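Visitor: Sequence:
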Amino acid sequence: MAKKFPFINSLLVALTLGLAPFSPEPHIWEKLRWISGGGVGMEFMDYFDLVLHGTP
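Counted from 1, the sequence shown has number 26 at position 26 by my numbering; the numbering is strictly sequential.
No lab work stands behind these hints: they were computed from the structure.
Since the model is a prediction, treat every value here as computed from it, not as a measurement.
Beta carbons are placed, not taken as given, at the ideal position from N, Cα and C, and that holds for glycine.
Hints are supplied without guarantee of correctness; some may be wrong.
Claimed, not checked - FRET-style restraints, in silico, Cβ to Cβ:
1) Thr16 - Asp46: 13 to 23 Å
2) Phe22 - Phe48: 42 to 52 Å
3) Pro24 - Gly54: 15 to 25 Å
4) Arg33 - Leu11: 18 to 28 Å
5) Leu32 - Leu11: 17 to 27 Å
Let the hints inform the model, and build the full structure from the sequences given.
Guide: Set out below in structure tokens:
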């Protein structure tokens, strides 16, 4: 019988990928601040990048 992959490992992997790169600030946090500021200058690729980083 196969060993189950613990939930905490899945959460850790999702957070690691979602918050990358970590310096100077997480990428998803930067995009969310950009949108909350009006999203001036955002292109399709920026929205796609937000979805990519925000979806585990």
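Visitor: Next, verify each hint and record whether it holds.
Guide: Taking the hints in turn, this is what the structure says about them:
Distance hint check: the CB atoms of Thr16 and Asp46 are about 22 Å apart, consistent with the given range 13 to 23 Å. A hinted range of 42 to 52 Å is violated for the C-beta pair Phe22 and Phe48, which are about 21 Å apart. Checked against the hint of 15 to 25 Å, the pair Pro24 and Gly54 passes, with Cβ atoms roughly 19 Å apart. The given range of 18 to 28 Å is respected by Arg33 and Leu11, whose C-beta atoms sit roughly 24 Å from each other.
Distance hint for Leu32 and Leu11: a CB-CB separation of about 20 Å, consistent with the stated range 17 to 27 Å.
The structure is inconsistent with hint 2 alone, although it conforms to all the rest.
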